[in-house]
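Participant: So the chains spell out like this:
Number of protein chains: 2
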Amino acid sequence: MPTIADLDTPTILIDIDRVEANLKRAQDHADKEGYALRPHTKTHKLPYFAKRQIELGAKGITVQKLGEAEVMADAGIDDIFLPYNIVGDKKLARLKALNERITLSVTADSPDTIAGYARTFTEGKPLTVLIECDTGAGRCGVQTQAQALALARQIEAASGLRFGGLMTYPPKHGFAQSDAWFNDALALFKEAGIAVPRVTAGNSPDMWTPGGGPVTERRPGTYIYYDRMQVRDQVASVDDCALTVLATVVSRPTGTRVVIDAGSKSLAYDPVAGDLSLGHGLVMGTELVVKSLSEEHGVIEMPVASDWPRVGDRLRIIPNHVCVVSNLFDSVTLISGDEVKDTLPVASRGRTD
Amino acid sequence: MPTIADLDTPTILIDIDRVEANLKRAQDHADKEGYALRPHTKTHKLPYFAKRQIELGAKGITVQKLGEAEVMADAGIDDIFLPYNIVGDKKLARLKALNERITLSVTADSPDTIAGYARTFTEGKPLTVLIECDTGAGRCGVQTQAQALALARQIEAASGLRFGGLMTYPPKHGFAQSDAWFNDALALFKEAGIAVPRVTAGNSPDMWTPGGGPVTERRPGTYIYYDRMQVRDQVASVDDCALTVLATVVSRPTGTRVVIDAGSKSLAYDPVAGDLSLGHGLVMGTELVVKSLSEEHGVIEMPVASDWPRVGDRLRIIPNHVCVVSNLFDSVTLISGDEVKDTLPVASRGRTD
Chain A
10 MPTIADLDTP TILIDIDRVE ANLKRAQDHA DKEGYALRPH TKTHKLPYFA
60 KRQIELGAKG ITVQKLGEAE VMADAGIDDI FLPYNIVGDK KLARLKALNE
110 RITLSVTADS PDTIAGYART FTEGKPLTVL IECDTGAGRC GVQTQAQALA
160 LARQIEAASG LRFGGLMTYP PKHGFAQSDA WFNDALALFK EAGIAVPRVT
210 AGNSPDMWTP GGGPVTERRP GTYIYYDRMQ VRDQVASVDD CALTVLATVV
260 SRPTGTRVVI DAGSKSLAYD PVAGDLSLGH GLVMGTELVV KSLSEEHGVI
310 EMPVASDWPR VGDRLRIIPN HVCVVSNLFD SVTLISGDEV KDTLPVASRG
360 RTD
Chain C
10 MPTIADLDTP TILIDIDRVE ANLKRAQDHA DKEGYALRPH TKTHKLPYFA
60 KRQIELGAKG ITVQKLGEAE VMADAGIDDI FLPYNIVGDK KLARLKALNE
110 RITLSVTADS PDTIAGYART FTEGKPLTVL IECDTGAGRC GVQTQAQALA
160 LARQIEAASG LRFGGLMTYP PKHGFAQSDA WFNDALALFK EAGIAVPRVT
210 AGNSPDMWTP GGGPVTERRP GTYIYYDRMQ VRDQVASVDD CALTVLATVV
260 SRPTGTRVVI DAGSKSLAYD PVAGDLSLGH GLVMGTELVV KSLSEEHGVI
310 EMPVASDWPR VGDRLRIIPN HVCVVSNLFD SVTLISGDEV KDTLPVASRG
360 RTD
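Protein chains in written order, with our numbering: chain A, 10 to 362; chain C, 10 to 362.
Keep in mind the hints are simulated off the structure, nothing from the lab. Hints are not guaranteed to be accurate.
Treat identical chains as interchangeable: a pair holds within one or across any two.
Unchecked claim - Pairs of lysine to aspartate or glutamate, DMTMM-like flavour, derived with a Cα cap of 25 Å:
| hint | residue 1 | residue 2 |
| --- | --- | --- |
| 1 | K33 | D88 |
| 2 | K300 | D242 |
| 3 | K41 | E165 |
| 4 | K68 | D40 |
| 5 | K350 | D339 |
| 6 | K99 | D193 |
| 7 | K41 | D347 |
| 8 | K181 | D284 |
| 9 | K99 | D15 |
| 10 | K181 | D17 |
| 11 | K68 | D322 |
| 12 | K99 | D17 |
| 13 | K300 | D284 |
| 14 | K33 | D242 |
| 15 | K105 | D37 |
| 16 | K33 | D248 |
| 17 | K99 | D88 |
| 18 | K350 | D98 |
So that you can see chain A by itself, here it is in the shape it has in the complex:
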């Protein structure tokens, strides 16, 4: 059986035992708290883990781009939520083809997006559309409940569309805020006599929030691997982190400076908590951080001069943000302990279209 020592670097290692524990713990929480779990697969981009999430009880999956949805559908996943405004004739044609073969739902937050859906889909095979709501995160989404209602009416008026409910990407630590927004919306929709089949929110930083509010479905993604951002948010511990970048020390210019063969093209530049001074990764089993990155080098500063690590030694780096790291590598290596179990292509890597 090959081991980590047999691998070339830099490469992504996925600890499958940690993954399994992370997936089960989240599904158990969903089951106990009474919400449907629809994991966001933008984190791992692997049909293999998407299938495992569904086996464990997930209702389906979430993807962030149409290209990802196509890859997951090709791999046999048949219930996909794409919380995105799909815009443009080329994409609408692809969306229509996808809707023919799986249970698909998408979002819209403008009359223009809905108009595109309405002219593409037909009664025979309608598209399910949820309204995206900006409940405080300041990205996409309607600003008011009245706007949501108006868009729902536009959807209901189109023969090829079905109103699927309300969706938000909630503000971080803002479940109370998004719940309040949704409660007001649900009151308005009830008054208007429009049923809201599904209210979907949720993300890894707030995944342990109890259930019971208006939200019927949550879409965490990062929880499969966790990362420094999640550890910082106290969602998980360092020992839950399942994805590491295996790197080799290639230079020891000084007693305190350690240079590894993983830079921004392997670890990505995304800061923790918006603070670049917190560095770009944690050296597993230590408190050392990757202080700075160039494209192909990472620099670690030791607190005091040390002979360790030497040139040729290997370190495992817990990234700041695993979702973007998955997107940098063509394949990942599955490990259990030090044993290499398998290598998988990152099937939907680069499918930003």
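Assemble chain C onto chain A, guided by the hints.
Facilitator: Chain C alone, transformed into the frame defined by chain A:
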């Protein structure tokens, strides 16, 4: 002839007329100032442009990883400089195979790295090794001229190695500093009776520095495309920027907020001048910046409420750092004006090994 309007988004557009002008201007400077130009191809990762750089007079190319060197050699490039400490038996075997078929040079900054080279290469097909010097950038490299001399002696003592000269990644705006470092080194090497065949430095931020110092070769990379970082450093103007990310407006949640379909998985998070408040890309033809990124969305804030741009409109974004953006896409589209000329695979994308 297809045009930009026929492309799906997000995608990378390369303006080949700007590329040609950028390449020629840099080669002219090298010719006039009397240094050899060895462009760093980590920026574009395209054999097509590497060959054009050589046609225009470049001495050969630079790559940052062994995997990139292999791709470029496969494409027929026969003079490659790999300024990296190559460490580990697997990589050394690959390096040996590569050295059999092209004119290759590498670097080392430690006895350990040189020992690896020495036990791998033989008299029959020796490896050319330059010493990497830390002239102030604080990354890899020996700290003193005496260390450089000691490593050169270690190289000369190995039958399978040839001392190829001195290399630095200079501190930004630090040519004077690296020149001074090298002048001291050259004096020491002269005293020791060791010829220094080549002194290589240079990078895009300081590419217009006059020649005439100890440096015989420069390795700029970004100058083929330029980007916001280079514009900030006044190396080029916005109108020289040849790489843009074509994006579609997918949401207009408010009169001032514009959301595009390019996020950190298309534009990368790298800040300009280490300052995240400067945003993550410039909207071409405007002074608007991409204020914030999530993985699949970019948010632009308009200074005043505006109907433009509408959902479905397209914007071209000049990235902060083009080298990492090239590494996010599987292919690039070559354009002239609005006409699409060709689509090329980013051949050495993801070859971080």
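Participant: Is it within a copy, between copies, both, or neither that the alpha carbon of K99 lies no farther than 25 Å from that of D15?
Facilitator: For K99 and D15, only the inter-copy Cα distance (9 Å) is at most 25 Å; the intra-copy one is 44 Å.
Participant: Is it within, between, both, or neither for K68 and D322, if the alpha carbons may be no more than 25 Å apart?
Facilitator: Neither: 43 Å inside a chain and 35 Å across chains, both beyond 25 Å.
Participant: Are the CA atoms of K350 and D98 at most 25 Å apart within a copy, between copies, both, or neither?
Facilitator: between (43 Å within a copy, 22 Å between copies)
Participant: Between K41 and D347, at a C-alpha cutoff of 25 Å, which is it: within one copy, between copies, both, or neither?
Facilitator: neither (34 Å within a copy, 56 Å between copies)
Participant: Can you tell me if K33 and D88 fall within 25 Å by alpha carbon in one copy, between copies, both or neither?
Facilitator: within (20 Å within a copy, 53 Å between copies)
Participant: Please work out whether the CA atoms of K99 and D17 approach to 25 Å or closer within one copy, between two copies, in both situations, or in neither?
Facilitator: between (40 Å within a copy, 7 Å between copies)
Participant: Is it within a copy, between copies, both, or neither that the alpha carbon of K300 lies no farther than 25 Å from that of D242?
Facilitator: Classified as both: same-chain Cα gap 20 Å, cross-chain 23 Å, threshold 25 Å.
Participant: State whether the alpha carbon distance between K99 and D193 is at most 25 Å within one copy, between copies, both, or neither.
Facilitator: neither (36 Å within a copy, 61 Å between copies)
Participant: Up to 25 Å between alpha-carbons, please classify K105 paired with D37: within, between, both or neither.
Facilitator: neither (35 Å within a copy, 52 Å between copies)
Participant: If the cutoff is 25 Å on CA atoms, where do K33 and D242 land: within, between, both or neither? Let me know, please.
Facilitator: Within one copy, since 20 Å is at most 25 Å while 50 Å is not.
Participant: For K41 and E165, with the copy left unspecified, which applies at a CA distance of at most 25 Å: within, between, both, or neither?
Facilitator: neither (34 Å within a copy, 69 Å between copies)
Participant: Is it within, between, both or neither when you check K99 against D88 at 25 Å Cα-Cα?
Facilitator: within (22 Å within a copy, 43 Å between copies)
Hints 3, 6, 7, 10, 11, 15, counting from the list given before, are not met by this structure.
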